[in-house]
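*Asks:* Two chains, two frames, some hints: make the complex.
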Amino acid sequence: RKEVEQDPGPFNVPEGATVAFNCTYSNSASQSFFWYRQDCRKEPKLLMSVYSSGNEDGRFTAQLNRASQYISLLIRDSKLSDSATYLCVVKGGGGSYIPTFGRGTSLIVHP
Amino acid sequence: DAGITQSPRHKVTETGTPVTLRCHQTENHRYMYWYRQDPGHGLRLIHYSYGVKDTDKGEVSDGYSVSRSKTEDFLLTLESATSSQTSVYFCAISGDYNEQFFGPGTRLTVL
Chain A
29 RKEVEQDPGP FNVPEGATVA FNCTYSNSAS QSFFWYRQDC RKEPKLLMSV
79 YSSGNEDGRF TAQLNRASQY ISLLIRDSKL SDSATYLCVV KGGGGSYIPT
129 FGRGTSLIVH P
Chain B
44 DAGITQSPRH KVTETGTPVT LRCHQTENHR YMYWYRQDPG HGLRLIHYSY
94 GVKDTDKGEV SDGYSVSRSK TEDFLLTLES ATSSQTSVYF CAISGDYNEQ
144 FFGPGTRLTV L
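Same order as they appear, the protein sequences are chains A and B.
29 is the number of the first residue of the first sequence in my numbering; add one for each residue after it.
44 is the number of the first residue of the second sequence in my numbering; add one for each residue after it.
Here chain B stands alone, though its shape is the one from the complex (with noise of 0.2 angstroms):
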């Protein structure tokens, strides 16, 4: 299995408070990825980064933002949590023209 963890696991969260995931991979990976899955939704890009510091929007950026200062980090941070963002979280990694693998999920809850 690809290097890539998700902490926390699972998360519950009151409205209004602050949500930091972390996304690690141990293989040097290039691309990095953040997705939300909701029933109904599929699989919804959130954010990505193409390298150290360099980040663009997904498909559903609003109320997200990520940062990467190290090749093998890839932060999510929601400024202010909403109902509306419970969800699973997914991180994947990748090559240019590779597959993605992917990280276990966060499950979030927010209250």
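Chain A with its partners taken away, still in its complex shape (with noise of 0.2 angstroms):
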């Protein structure tokens, strides 16, 4: 079992949409959660961390569910820039300081 899967897409969605990922990890110990977008060619830039209690920044909101050992990120009224890869990032547990990558989902958002 990979250590963070992703569901590689692609997501085809209108803008305007609300669209959903998610993202599981196997390591419970894991401390520190986040999601990267990644434009092609480009380098990962950082999109939020992720907290326990849920976050949001604008239209993005991430969630942690502890107990089933997933992340979520919902983004709401989807516009064309969003368009890119998405990509979760699990770190820490076990006395690690090593981010583990998982290998991104693929969101095209249409006119």
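In short, the hints are calculated from the structure, not lab data.
As the structure is a computational prediction, the values presented were derived from the model and not from experiment.
Here a beta-carbon is modelled for each residue, glycine too, at the ideal position from N, C-alpha and C.
One should not assume that every hint holds.
Here are the computed lysine-lysine pairs in the DSS-like style, where the Cα-Cα straight-line distance is at most 30 angstroms [what the hints assert, rightly or not]: (1) B:K113 - B:K100; (2) B:K54 - B:K96; (3) B:K54 - A:K73; (4) A:K107 - B:K96; (5) A:K107 - A:K70; (6) B:K100 - A:K70; (7) B:K54 - B:K113; (8) A:K107 - A:K73; (9) A:K107 - B:K54; (10) B:K100 - B:K54; (11) A:K70 - B:K54; (12) B:K113 - B:K96; (13) B:K100 - A:K73; (14) B:K113 - A:K107.
Partial list, computed: chain A residues near chain B (C-beta under 7 angstroms) [claimed, not checked]: (15) F62; (16) P72; (17) F129.
Residues of chain B clear of chain A, computed beta-carbon distances all greater than 10 angstroms [stated by the list, open to error]: (18) T58; (19) T63; (20) Y74; (21) K96; (22) G106; (23) K113; (24) V131; (25) Q143; (26) L154.
*Replies:* Written out as structure tokens, the structure is:
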């Protein structure tokens, strides 16, 4: 079983739609969680950290479910510019500070 | 944006030649990482460093070596480049539990 798993997609949605991605992780001792965005041929950039109580940044909402070991990302009112690959990152646990990346979920927002 | 640069940004080289990629940070972060990214594989960790002269292997370290003689610089060396090492290489930096910041990447082509 992969340590961090994501549905690769692509998720094809119209502008204005709401879309959600999930990411599951295997290490129950993991301590830090993040969502990154990567545009084609560019470096990954931090989208948001994920906190235990859930957090929101504009149209983006992130949730953590420790019991079921997954994190989620919700995007409301999708824009064309949201088209990208979204990477889930899990860090910590067992004395390790090395992050583990999912392979990413591709989102395509069309007019 | 985090102060992290990579050089060169693009390189074409021939099989069997040595290649060194440089990552430079101005953030004084403890951790530095080298990844490669290939279609269908996502980000794969090559080597990482947790301090000056402290390095360790990642999941795809064969054929690569690293050195960190100063906090701000992390070098990745391909002792004898092969065509399978054609890839995009990303450097990243982080604190212990904090998020990673990525450099702009180096596109390496081995002919």
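*Asks:* Decide, hint by hint, whether the structure agrees.
*Replies:* The hints, checked one at a time:
{"no.": "1", "hint": "B:K113 - B:K100", "in the structure": "holds, 19 angstroms"}
{"no.": "2", "hint": "B:K54 - B:K96", "in the structure": "holds, 26 angstroms"}
{"no.": "3", "hint": "B:K54 - A:K73", "in the structure": "holds, 23 angstroms"}
{"no.": "4", "hint": "A:K107 - B:K96", "in the structure": "violated, 45 angstroms"}
{"no.": "5", "hint": "A:K107 - A:K70", "in the structure": "holds, 19 angstroms"}
{"no.": "6", "hint": "B:K100 - A:K70", "in the structure": "holds, 25 angstroms"}
{"no.": "7", "hint": "B:K54 - B:K113", "in the structure": "holds, 24 angstroms"}
{"no.": "8", "hint": "A:K107 - A:K73", "in the structure": "holds, 18 angstroms"}
{"no.": "9", "hint": "A:K107 - B:K54", "in the structure": "violated, 35 angstroms"}
{"no.": "10", "hint": "B:K100 - B:K54", "in the structure": "holds, 24 angstroms"}
{"no.": "11", "hint": "A:K70 - B:K54", "in the structure": "holds, 16 angstroms"}
{"no.": "12", "hint": "B:K113 - B:K96", "in the structure": "holds, 8 angstroms"}
{"no.": "13", "hint": "B:K100 - A:K73", "in the structure": "holds, 24 angstroms"}
{"no.": "14", "hint": "B:K113 - A:K107", "in the structure": "violated, 43 angstroms"}
{"no.": "15", "hint": "F62", "in the structure": "holds, 5 angstroms"}
{"no.": "16", "hint": "P72", "in the structure": "holds, 5 angstroms"}
{"no.": "17", "hint": "F129", "in the structure": "holds, 5 angstroms"}
{"no.": "18", "hint": "T58", "in the structure": "holds, 24 angstroms"}
{"no.": "19", "hint": "T63", "in the structure": "holds, 20 angstroms"}
{"no.": "20", "hint": "Y74", "in the structure": "violated, 7 angstroms"}
{"no.": "21", "hint": "K96", "in the structure": "holds, 18 angstroms"}
{"no.": "22", "hint": "G106", "in the structure": "holds, 20 angstroms"}
{"no.": "23", "hint": "K113", "in the structure": "holds, 21 angstroms"}
{"no.": "24", "hint": "V131", "in the structure": "violated, 8 angstroms"}
{"no.": "25", "hint": "Q143", "in the structure": "violated, 6 angstroms"}
{"no.": "26", "hint": "L154", "in the structure": "holds, 20 angstroms"}
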